[in-house]
Amino acid sequence: MGRLLRFEFRKLFRQPSLYICLAVTALLTFLSVYALYSVSQAVMEDFSSVQGMSPSEIAMLAGFSETSGRGQMLKALSSDNVTLLLGIFTALFICSDYSMRTAKNIIGRGYTRTGWLTAKLAAVGCGCLLFCAAAMVVSYISGTAFWKSGEVQSRDFVLLLVQLLVIFGYAALFVFWSVLLRSSGGAIALNLVIPLMLGLILTILDYLIFKDTETLSRYWLAHAMLKASNILADGKDLWHAALLGAAYTAVFTGLSYLVVSRRDV
Amino acid sequence: MEPVLQTFELTKRFGSKTAVDHVSMQINRGDIYGFIGRNGAGKTTLMRMVLSQALPSEGRYELFGQKPVPELQQRIGSLVETPGLYSNCSAKENLLRFGILAGAEAREADEVLDMVGLAGTGSKSAGHFSLGMKQRLGIGIALMGHPDFIVLDEPVSGLDPAGIQEVRNLILRLNREQNITFLISSHLLDELGKIATRFGIINGGRLAEELTVGELQERCGGKMRFVVNDPEKAMEVLRETMDPSHVEQRDYAILVQEGTDAAAVINRRLVEAGVDVSSIARESGSWEDYFIERMGR
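Going down the list, the sequences are from chains A and B. All residue numbers for the first sequence refer to the numbering used here, where the first residue is 1 and numbers rise by one. All residue numbers for the second sequence refer to the numbering used here, where the first residue is 1 and numbers rise by one.
If we strip away everything but chain A, and leave its shape as in the complex, we get:
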């Protein structure tokens, strides 16, 4: 197992797509924060008649509740930027061994399919952490530069932990599609389409069937992430998001093992 991990991690850190996707994540995160800042500046001008208020207070008054480095950091993972780029990277990383036909070299050397997938999952997990770190660091620094740093509270770590669980849920889903399809193009397409489409479809179904917006949608990861990135989220919401993230991770990891262990390479 040690050799497999060394092999996968060497591949991970020498994969150009990792650095490209990380750079794009950082850039998109910065642009998102900058866009918010620009809008808040415009709003500030409208509120300029209000005397004795700081820019942050004005922004808060206008509805921009997370105008600080801390607030932006807690919201960083809730944007589609991170999940979409993670989806692209995961598809490229997992499918490369199928498209370049290197999977047979690995299995031919006596490594089990499950051991190979375990090493891959560890590498993708590490990639997940890097994407999250890139998004959070960039949003914290840019939020601090545009507004203020904000006071980090101990509860923030709980929120971040739950968000990480949700991101792992996404990653497990992306890994599953990748090992199922084995083609980078197909897996990228699905990894891009599913997060965008599924939330929308569930919302429409909720409206058509249940006449509300949450009955089905609350079981989708995007909904869980939205709850977990809300500074004011209550314990129940956090538990729900954490359990959902863990459940997606467990189910789709299990399905990936099933697919990999039963197919030829």
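It should be emphasised that the hints constitute simulated quantities derived from the structure, not laboratory data. Positions of the beta carbon are idealized from the N, C-alpha and C atoms, including for glycine. Any given hint could turn out to be false.
Reference excerpt, derived from the structure (chain B facing chain A, CB under 7 Å, subset only) [as the list claims (entries may be wrong)]:
1. Leu51
2. Ser52
3. Ala54
4. Gln73
5. Gly84
6. Tyr86
7. Phe98
8. Ile100
A few chain B positions that, by computed beta-carbon distances, are all more than 10 Å from chain A [what the hints assert, rightly or not]:
9. Arg29
10. Glu105
11. Asp110
12. Arg225
Chain A side only, calculated, beta carbon under 8 Å to chain B, not exhaustive [as the list claims (entries may be wrong)]:
13. Arg10
14. Lys11
15. Met100
16. Ile106
17. Ile107
18. Gly108
19. Tyr111
20. Asp264
21. Val265
With chain A's structure known, arrange chain B on it following the hints.
Okay, now just chain B, sitting in the frame of chain A:
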């Protein structure tokens, strides 16, 4: 004979099609086993099964006389179908990566690069290599970690004549100097005939025959050619002392089926009968014809 690979009724089905049909074969230590069959005969599928790349539908196999546990599987190097390479990496980086899996030391990569003639490729990525260079790199990957058994599927495919000769010499050197066992499939029957010590012929997923080079020569009807001054008298003498169906006359030459009597014995008989023998030579039958007949037309 220490078996390196034994298969027992190994079978692979793809839906209703049986690609490998109850194949039982044995490869012993030190063999260069030439695996011969037409396209789609099941050679590659069988190789993929013994490398764990494909899961058998039925039957089993043993490696080095034991159940194929991962530790034993790690003693095998392989190149099956097209070489699996990281196309955005250099030859050395490819060898270093797969060297990790093979438990090889980093310096081994340079030795192998030299061995397969890719030492001068530097940082050029494998994706820009010619077909022959990719093939050499695939062989290099198989050599990492000093394997005891190497499985090569069409190893000289895409190589020029000089490259084919280099690979042939490399295989012979590794076999003689390091006693590495090889299982090699190739469509170049003549090329395989130059290096293989045993052959397995597969036809329609079934192992039609397993035979050594000696047995092959015998079955191909290898003949001894005696050029004599009196062929009629020579025929008369030889028909008296051996099976007449093993002797035939062609002008001044007498062809005797190999494996009947030693050339020296036949020569003495003819000389004692007063027949002058001006030359004795071995007339080989066509291995290719024999293989093609056994592989099914």
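Okay, the hints, checked on the actual structure:
no. : hint   : result
1   : Leu51  : holds, 4 Å
2   : Ser52  : holds, 5 Å
3   : Ala54  : holds, 4 Å
4   : Gln73  : holds, 3 Å
5   : Gly84  : holds, 4 Å
6   : Tyr86  : holds, 6 Å
7   : Phe98  : holds, 6 Å
8   : Ile100 : holds, 5 Å
9   : Arg29  : holds, 19 Å
10  : Glu105 : holds, 13 Å
11  : Asp110 : holds, 18 Å
12  : Arg225 : holds, 47 Å
13  : Arg10  : holds, 6 Å
14  : Lys11  : holds, 7 Å
15  : Met100 : holds, 6 Å
16  : Ile106 : holds, 6 Å
17  : Ile107 : holds, 5 Å
18  : Gly108 : holds, 4 Å
19  : Tyr111 : holds, 7 Å
20  : Asp264 : holds, 4 Å
21  : Val265 : holds, 5 Å
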